[in-house]
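Top to bottom, those sequences are chains L and Y.
Under the numbering used here, the letters of the first sequence match residues 1 to 276, in that order.
Under the numbering used here, the letters of the second sequence match residues 277 to 552, in that order.
Heads up, some of the hints might be wrong.
[To be verified] Cβ-to-Cβ under 10 angstroms is the rule here; a few derived chain Y residues that face chain L:
| hint | residue |
| --- | --- |
| 1 | Thr327 |
| 2 | Tyr356 |
| 3 | Lys397 |
| 4 | Met453 |
| 5 | Glu512 |
| 6 | Ile528 |
| 7 | Lys529 |
| 8 | Leu540 |
Keep in mind that the hints were calculated from the coordinates and are not lab data.
Being a predicted model, the structure only gives us computed values, none of them experimental.
Beta carbons are placed, not taken as given, at the ideal position from N, Cα and C, and that holds for glycine.
There are 2 protein chains.
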Amino acid sequence: MNIAIVGLGIIGGSYCKALKAHTAHKVIGLNRTPATAQKALEAGAIDTIGTPESLAEADITILCMYPQACIDFLEQNGQYIRKGSIVTDAAGIKRAICPQMVELSKRFGYIFVGSHPMAGKEKNGFDVSDADLFMGASFIITPCGAPQQAVGTVASLALDIGFGSVKITDPEEHDRMIAFTSQLPHVLACAYVLSPSCPNHRGFSAGSYRDVSRVANINARLWSELFLENREPLIEELQELNHNLNALFDAIKNNDKETLADLLEKGHSVKQRLGE
Amino acid sequence: MNIAIVGLGIIGGSYCKALKAHTAHKVIGLNRTPATAQKALEAGAIDTIGTPESLAEADITILCMYPQACIDFLEQNGQYIRKGSIVTDAAGIKRAICPQMVELSKRFGYIFVGSHPMAGKEKNGFDVSDADLFMGASFIITPCGAPQQAVGTVASLALDIGFGSVKITDPEEHDRMIAFTSQLPHVLACAYVLSPSCPNHRGFSAGSYRDVSRVANINARLWSELFLENREPLIEELQELNHNLNALFDAIKNNDKETLADLLEKGHSVKQRLGE
């Protein structure tokens, strides 16, 4: 197949490299900044630098841009995409874009399958992209009414390039779960490192500091868009966390060892039951 | 030297194994449950099973028990410890025990040097102890008035068995920093996994879920003691976190992209400046 990757940041770049490493598909790379596309070509991550017009050759087009930028790109360039070909995205939110993405696919005659690769790093850009980024990770698909066959094609490709599992869901469940599994830890990490104690952590810190603070190294522009486009589920998770933190806070403040140990034991048993 | 390890859990067991792996010192192991000491002996982690009376042979005694248990142990057995020998601990809090530990050392004539190895796992017991647990970790010493030479002996031993650095501080700074670097992430992890979304995370989760939730697999009895014995600094850090979470919450709730991006950018720049 010919596969077009639009946006050669960490996710798009990793798609290119993984496709070259694990498949025989031809990879067409498109990027707003030409120098990055040139770098990707020289690195052997793509076979050719594409233009919107060359999307006519692609069997699958994967949009690896900010959520709103995916819609803007398709509004402008959807006309070039071959009818019947597949378009998917990599956006971390789904309710906010899927309805428009479906509408655009109907307007231009291609098939839209929503997807979200559950992988990333606390750094950005093509330079940190990695052929192994997706190894063992979960690949989430929101079919949004796409034919079963197209969903299967996207799922197979994901497994071919290293994803460990595929989860099929709808935009609502996706966004609700992502608010907990991904967005909340990012909010937490930022709140955590804003403590005046943070700059003095060296010599006093180990794994638990490192793990909680890791994703504070955030792309502020991307994540503020993701948080605001998923406001309701994220607010619910923040309220739930606040409730649980308050219960722990009260037990500590009241020197109430029994309640505190009970709460910690509850957390322990949830985590132990889940295994991971 | 003869080194006695009292308490063969994950920390004590790891001390034994690291001493055997990296030094030629003789290791004497003491444990309340005899079967564990026997297991340590059979595993080659200790050279001999000790009794309180055999502490008379030890040049250094390392207490690897719950904070209050260290004091209880010394109250009962301090008489057996050789005068002029060194006693250190591994407790995660210092203000709550150091004054009594110093007093006991004066009563019985040995030298007390407080210490806290900044390493651990989200599991407990001798079975998960590991000769490499301390590799590259920070070793915190609170001298509490001990002679420079004794502090140097403890520091050298720590570096010999794999610690990457030694931090000398006082109980106040230790407890204030540990509240942030270690205790707060443990409180957070427990509060996080208590969300009703947690049991459904599979397929939707990746590194950020894994990292924040990891230490929820907590030893509830140990950590409730540690939290309550370090109440004031921990409450301060919880209030600071609450303040920062509220600021982020408000920005998200008010759809205030500018304030939200500013807060995330602040977190990002703290983390980026620190490098880790």
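Comparing the hints with the structure gives:
no., hint, in the structure
1, Thr327, "violated, 32 angstroms"
2, Tyr356, "violated, 31 angstroms"
3, Lys397, "holds, 8 angstroms"
4, Met453, "holds, 4 angstroms"
5, Glu512, "holds, 9 angstroms"
6, Ile528, "holds, 5 angstroms"
7, Lys529, "holds, 6 angstroms"
8, Leu540, "holds, 4 angstroms"
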